[in-house]
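J.: Listed here are the chains, written in short residue letters.
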Amino acid sequence: MFRRVLGNTLAFVGYTVQYGCMAHCAFEYIGEFVVCSGPSMEPTIVNQDIVFSERMSRHFCKIQKGDIVIAKSSFDPNMNICKRVIGLEGDKICTSAPSDAFKVPKGHVWLEGDNLRNSTDSRSYGPIPYALIRGRVCLKLWPLHSFGTLSESPTRRIIKTQSDSD
Amino acid sequence: MAQQATAGRRYLRAFISGFFVAVPVTVTALDRIAYVARVEGASMQVRRYNTSTNQSERENLTMSVRNYQVQRGDIVSVMSPRNPQQKIIKRVIGLEGDFIRTLSYKNRYVRIPDGHFWIEGDHHGHSLDSNSFGPVSVGLLHGRASHIIWPPSRWQRIKPSLPPNRGPLDTEEEEG
Chain U
1 MFRRVLGNTL
11 AFVGYTVQYG
21 CMAHCAFEYI
31 GEFVVCSGPS
41 MEPTIVNQDI
51 VFSERMSRHF
61 CKIQKGDIVI
71 AKSSFDPNMN
81 ICKRVIGLEG
91 DKICTSAPSD
101 AFKVPKGHVW
111 LEGDNLRNST
121 DSRSYGPIPY
131 ALIRGRVCLK
141 LWPLHSFGTL
151 SESPTRRIIK
161 TQSDSD
Chain W
1 MAQQATAGRR
11 YLRAFISGFF
21 VAVPVTVTAL
31 DRIAYVARVE
41 GASMQVRRYN
51 TSTNQSEREN
61 LTMSVRNYQV
71 QRGDIVSVMS
81 PRNPQQKIIK
91 RVIGLEGDFI
101 RTLSYKNRYV
111 RIPDGHFWIE
121 GDHHGHSLDS
131 NSFGPVSVGL
141 LHGRASHIIW
151 PPSRWQRIKP
161 SLPPNRGPLD
171 TEEEEG
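Read top to bottom, the protein sequences are chains U and W.
So for the first sequence, UniProt numbering puts the first residue at 1; every next one is plus one.
So for the second sequence, UniProt numbering puts the first residue at 1; every next one is plus one.
Read the hints as simulated data drawn from the structure, not as lab findings.
Treat the hints with caution; some may be incorrect.
Here are the computed lysine-lysine pairs in the BS3-like style, where the Cα-Cα straight-line distance is at most 25 Å [to be verified]:
| # | chain 1 | residue 1 | chain 2 | residue 2 |
| --- | --- | --- | --- | --- |
| 1 | U | LYS106 | U | LYS92 |
| 2 | W | LYS106 | U | LYS103 |
| 3 | W | LYS87 | U | LYS106 |
| 4 | U | LYS62 | W | LYS87 |
| 5 | W | LYS106 | U | LYS106 |
| 6 | U | LYS65 | U | LYS92 |
Could you build all of it, start to finish, from the sequences and the hints given here?
T.: Below, the structure written as structure tokens:
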């Protein structure tokens, strides 16, 4: 009797550990589901949308300009932000005045929200390190009527190449 | 023949199920609990290894840090802000809100912003640290070095300790 209870408990613990570890690996290396909140990506992702973010392109350093990424906030490591990559390292970014072009330093990215008027992003705190990026948003799952891949940037602020940034 | 086939299938099934248990458990343990890392380079070499340490490779057991709790003086492994593929191992000198007297940064004194810390190698001049790229975001933190496990003669737990006359300028007021 006692032995059976012990065996059942051990089996339960073993299965819990096994499936927990599998889930961790899947979330850590393949992708995860994220509930977005906040207005900063407004036309593309509205409040309470559920998106799927994949981790592969971050691990292989395949993040490109125009991708929407989930990144850790550089001021609060427990908070995640969802922004669009505007410039990679070496790109020149025009911030406020067209005269002051800012060069993104090595290993950093420049993030901006799609809702330029209501977004706290690299325009206020500068470029963030690439290693803070957690994943690339590739699918929108909820609400169902807008299921699918994400649309292009509505702000047209993506810097094409280093030369034609002006 | 049929027996051989079933034996082979059973063997294959056992292998696959074992594989699906062992790999996720190992990866999770390495991610969440602890891993062993080899430390290369001279940036941490001076003070900690005051004996004759010519070899530039040591192995540290680095424990994962959950909820980003570090103290001043801890040796941490941080993803380099310059190169996302690289991890650097440095000592935490100041936490958020501290005033730091820098050694070769562009400003003489720096107040560390929220969610950042100041890290330095023990070997000044041979170390690419906060003196060259400024305060580092805590989100880049990867782990804390807890033990030296190789070579066995220096097997020890690493205690947090600040180098003399380094550290925040107003620690006394803060902690008092």
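J.: If a hint holds in the structure, say so; if it does not, say that too.
T.: Status of the hints after comparison with the structure:
no.	hint	in the structure
1	U:LYS106 x U:LYS92	12 Å, holds
2	W:LYS106 x U:LYS103	18 Å, holds
3	W:LYS87 x U:LYS106	15 Å, holds
4	U:LYS62 x W:LYS87	19 Å, holds
5	W:LYS106 x U:LYS106	18 Å, holds
6	U:LYS65 x U:LYS92	13 Å, holds
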